[in-house]
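All chains, full assembly: derive it from the sequences and hints.
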Amino acid sequence: MKYLSQSALRAGAIGLAVLAAASPALAQEKSIIIGLTADPSHLYPLAGEELSSNIMYYHLYDPLVKRGADLSFGPGLAESWENVDETTWRFTLREGVTFHNGNAFTAADVVYTVNKARESIRPDLVANIAEITAVDDLTVEIKTPAPYAVLPNDLAELLILDEEYTEATGDEQMDLKPMGTGPYMLGEWIKEEKLVLNAFDDYWGGEPVIKTVTFRPITNPATRTAALLTGEVDVIQDLAVRDVDRVKSEDGFSVITRPSLLNVVLAMDTREDSPTIEGPNPMTDQRVREAIARAIDVDALNQVVMNGLATPSDQYVPSSHIGYVDGMNFREMYPLDIEKAKQLMADAGHADGFTMTLDATNNRYVNDAQIAQALASMLAKINIDLQLNIMPKSNFWGYIRVPTENSSFIMSGWDVPAGDAGSMYGALFYTRDKKEGYGQVNRGSYSNPEVDALVDKADATGSIEERDQYLQEATKLLLADIPMIPVHYEQDIYAARDGVTLEPRVDKFIWAFDMDVE
Amino acid sequence: MFAYLIKRLIQMVLVLWVVSVIVFLMMSFTGDPVFMVVPIDATDAEIAQARRLLGLDQSLLVQYWKFLTSLLQGDFGRSYVFRQPAMTLILERMPATVEMVLVAMALAIAVAIPLGVYAGANPESRISRFIMAGSLLGISLPGFWVGMVLIYLFAVHWGVFPSSGRGDTAELWGIRISLLTWDGWHHIVLPAVTLSLGTMAIILRMTRAGMMEVGRQDFMKFARAKGATRSDVLYKHGLKNALIPVVTIFGLQLGDLIAFATITETIFSWPGMGKLLIDSIYRADRPVIVVYLMLVAFIFVVINFIVDIVYTMIDPRITLK
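Sequence order for the protein chains is A and B. Following the working numbering, the numbering of the first sequence begins with 1 at its first residue and continues without gaps. Following the working numbering, the numbering of the second sequence begins with 1 at its first residue and continues without gaps.
Among the hints, a few may not be true.
[As the list claims (entries may be wrong)] Derived coverage of chain A by chain B (criterion: at least 3 residues anywhere in the stretch with Cβ under 8 angstroms from a Cβ of chain B; other residues may be distant):
{"#": "1", "segment": "118-126"}
{"#": "2", "segment": "185-193"}
{"#": "3", "segment": "214-222"}
{"#": "4", "segment": "227-234"}
{"#": "5", "segment": "281-289"}
{"#": "6", "segment": "384-398"}
{"#": "7", "segment": "436-448"}
[Claimed, not checked] Straight-line distance between alpha carbons at most 20 angstroms, and here's what the computed EDC-like set of lysine to aspartate or glutamate pairs gives:
{"#": "8", "chain 1": "A", "residue 1": "K342", "chain 2": "A", "residue 2": "D481"}
{"#": "9", "chain 1": "A", "residue 1": "K393", "chain 2": "B", "residue 2": "D279"}
{"#": "10", "chain 1": "A", "residue 1": "K191", "chain 2": "B", "residue 2": "E92"}
{"#": "11", "chain 1": "A", "residue 1": "K435", "chain 2": "B", "residue 2": "D41"}
{"#": "12", "chain 1": "A", "residue 1": "K194", "chain 2": "B", "residue 2": "D168"}
{"#": "13", "chain 1": "A", "residue 1": "K194", "chain 2": "B", "residue 2": "E171"}
{"#": "14", "chain 1": "A", "residue 1": "K194", "chain 2": "B", "residue 2": "D183"}
{"#": "15", "chain 1": "A", "residue 1": "K434", "chain 2": "B", "residue 2": "D41"}
{"#": "16", "chain 1": "A", "residue 1": "K191", "chain 2": "B", "residue 2": "D41"}
{"#": "17", "chain 1": "A", "residue 1": "K435", "chain 2": "B", "residue 2": "D57"}
{"#": "18", "chain 1": "A", "residue 1": "K434", "chain 2": "A", "residue 2": "E450"}
{"#": "19", "chain 1": "A", "residue 1": "K434", "chain 2": "A", "residue 2": "E272"}
{"#": "20", "chain 1": "A", "residue 1": "K194", "chain 2": "B", "residue 2": "D279"}
{"#": "21", "chain 1": "A", "residue 1": "K508", "chain 2": "A", "residue 2": "E50"}
{"#": "22", "chain 1": "A", "residue 1": "K434", "chain 2": "B", "residue 2": "E46"}
{"#": "23", "chain 1": "A", "residue 1": "K211", "chain 2": "A", "residue 2": "D498"}
{"#": "24", "chain 1": "A", "residue 1": "K435", "chain 2": "B", "residue 2": "E92"}
{"#": "25", "chain 1": "A", "residue 1": "K393", "chain 2": "B", "residue 2": "D41"}
{"#": "26", "chain 1": "A", "residue 1": "K116", "chain 2": "B", "residue 2": "E46"}
{"#": "27", "chain 1": "A", "residue 1": "K143", "chain 2": "A", "residue 2": "E131"}
{"#": "28", "chain 1": "A", "residue 1": "K191", "chain 2": "B", "residue 2": "D168"}
{"#": "29", "chain 1": "A", "residue 1": "K393", "chain 2": "B", "residue 2": "D32"}
{"#": "30", "chain 1": "A", "residue 1": "K191", "chain 2": "B", "residue 2": "E171"}
{"#": "31", "chain 1": "A", "residue 1": "K177", "chain 2": "A", "residue 2": "E50"}
{"#": "32", "chain 1": "A", "residue 1": "K194", "chain 2": "B", "residue 2": "E92"}
[Stated by the list, open to error] Over the 12 angstroms line for every Cβ pair with chain A, so calculated as not near, a few chain B residues:
{"#": "33", "residue": "I6"}
{"#": "34", "residue": "R8"}
{"#": "35", "residue": "F35"}
{"#": "36", "residue": "S59"}
{"#": "37", "residue": "A106"}
{"#": "38", "residue": "A110"}
{"#": "39", "residue": "Y118"}
{"#": "40", "residue": "I127"}
No lab work stands behind these hints: they were computed from the structure. Beta carbons are placed, not taken as given, at the ideal position from N, Cα and C, and that holds for glycine.
Given below as structure tokens:
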């Protein structure tokens with residue numbers, strides 16, 4: 001199925017290329033201007049990541065394994081792969097692929113990229129690669145530290161560099177003069193003004209239909225809307241919620257939405273003593289955690305704070321992910337019920353409630369500060385006096401960092417573009433300080449040996465089916481135990497003028513190769 | 001004059017040093033930049049590696065010492081976020097800002113001085129009252145609101161000006177300048193008007209107050225008595241004597257707009273350097289903030305120096321010591 005979608009993509013591209021050849025005059029002129037929320041910080045994938053940079057990376061470079069718009073995984077620079085044994089993978093590379101400078105893509109480039117990443121600011125990209133060797137020019141062998149079924153999904157984020165060019169250019173200049181195998185080459189980048197990409201006609205996936213792609217950073221949401229309405233740009237990312245109706249009512253424009261992967265979650269401290277709570281911590285009791293879950297009215301949050309542009313979360317990961325349990329829904333397990341919540345609080349011996357502090361951001365998630373305020377009034381109904389500690393994200397991540405010396409109750413977001421619950425469960429729910437690389441973001445100090453064992457088993461099997469089974473078991477345990485309350489998925493909102501074909505990607509990485517304009 | 005220059009230079013070095021110390025101290029309270037560059041689920045080892053690569057593993061004192069020593073070698077440090085030289089990041093965005101500010105200031109003077117002189121000379125007239133009421137609006141309306149209204153009216157509604165961006169540019173001595181192209185002028189009008197309103201109102205009110213003050217002086221009556229035309233009296237005798245405080249304010253405003261045109265730049269997505277400062281503050285990108293604020297201090301010192309020289313030209317009784 002995954003392979004099918006990939007070949008369908010290629011067939012589509014070839015079909016369009018044929019069409020393009022039939023009417024050259026028209027095809028020559030296809031270009032698009034896309035309004036982004038920010039200028040990219042980098043064009044060198046090992047220098048860091050944020051959304052605008054990620055969008056550029058996937059135009060300029062390719063990974064071995066390609067992530068589709070719907071989170072399906074298929075061949076990229078690797079044509080196929082197989083398990084030699086539980087911890088050894090053999091990737092057969094695509095033949096005849098060249099970088100934009102004409103250099104041939106070979107196994108040596110892949111080995112170089114992996115080793116380069118290890119020394120860079122992004123060693124996490126290759127955390128599950130113990131060793132990589134080039135078997136021949138078009139074959140690489142990767143050893144993982146332990147059986148790891150979702151290695152190909154991880155590799156979708158590792159973008160392959162040209163060894164010769166990268167060495168000669170140096171890290172600093174790579175950010176300005178990128179060189180990859182991707183469908184587009186850098187034309188011109190004037191900081192904060194525009195970034196122009198030109199089609200790479202020798203692209204292995206077919207000639208790009210749109211020949212020139214211009215990205216313009218327009219930070220102010222109202223200006224972005226204005227630029228679309230005046231025809232200065234063809235597509236905008238992140239249409240402001242308050243402008244949705246305006247753009248919909250305008251002739252010649254459409255609004256495109258899709259639920260994002262970003263799950264806004266509330267982490268509850270489960271330690272005996274919690275930094276902002278006087279006396280013993282009531283949230284060690286599952287009944288108190290359930291009471292909090294039942295007191296939160298996600299529908300009201302959605303309607304009042306999010307203008308209806310959020311999707312209440314049913315689990316910790318979306319249904320497309322490994323580890324999702326069909327039919328289980330947090331919202332049906334713990335629907336809004338203040339009476340029941342009060343009863344649970346009373347049963348746990350906390351009928352009079354308690355006081356604690358919620359740590360939240362004010363510039364990271366959609367309407368984050370307003371959500372925090374709404375939560376305070378909702379929890380007041382079960383006598384929890386919620387103090388708000390709201391700060392910008394530059395302070396937030398350091399403040400809430402494990403070992404969580406300041407926080408009892410934290411609102412943050414989590415997304416797993418790798419399409420697998422395992423990394424999230426390992427980072428967020430695995431017992432702290434038990435195993436290197438696990439539990440590093442377990443902010444509530446949650447500890448459940450059964451969950452730990454399931455995550456261990458999932459990370460020790462080479463079979464995706466078995467991994468899915470173990471992670472589903474973990475999901476069931478977690479939803480019953482409620483170490484964290486899933487609130488909602490934000491929506492990605494795009495707007496485009498008519499004539500632009502845009503299928504939003506689950507991972508938000510706008511990709512002009514999949515788009516078309518009239 | 002030369003001694004004065006030397007004195008000013010020494011003062012400047014002192015100011016720059018103080019700015020660098022203050023920024024270094026302040027930045028230790030604004031969050032840890034390493035969390036802005038590592039992924040949210042980074043392990044301790046990954047964070048330690050990033051810290052080492054950014055040079056953040058050393059104590060603040062060592063970091064400051066390294067900053068000072070490389071400064072003396074002409075190296076202003078590298079941005080944590082962009083991993084590029086901080087000075088380059090600022091300088092490549094500077095022409096756009098300076099260009100917009102100069103147009104805005106020219107506009108402000110062209111409108112404010114004549115209106116201010118008129119209002120000062122005829123304080124009782126109806127037109128003067130109208131001008132003064134307008135200037136109050138100019139001072140009190142926030143720039144972001146004016147910018148949005150202008151975009152809505154002139155770009156979305158009437159379609160006469162583009163809503164954002166800088167448009168075509170032409171190169172002059174390697175610097176990209178939009179004032180050399182028609183498209184560039186087309187793009188600069190709305191942001192420059194937005195930026196100029198506040199300064200325009202202030203200069204107008206200063207000019208009017210100065211003119212009213214000067215108007216009462218005896219030499220104005222003598223000038224009129226000896227037969228000078230009304231406009232000669234107002235502009236040559238009156239304005240020249242009313243100008244000292246106006247020039248002072250002009251210098252301060254000029255520096256202020258170059259350094260902190262952030263809001264106008266953000267609204268019109270003008271690719272200037274003000275936005276870089278705000279972004280860097282959000283990302284705790286200390287090297288950029290330090291260099292930016294030192295550059296701003298430098299600009300202010302230079303402008304003040306020029307203002308002082310202009311004083312002596314306007315009023316020969318003033319000498320620089």
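Which hints from the list above does the structure break, by number from lowest to highest? Of the numbered hints, 5, 16, 17, 24 and 35 do not hold.
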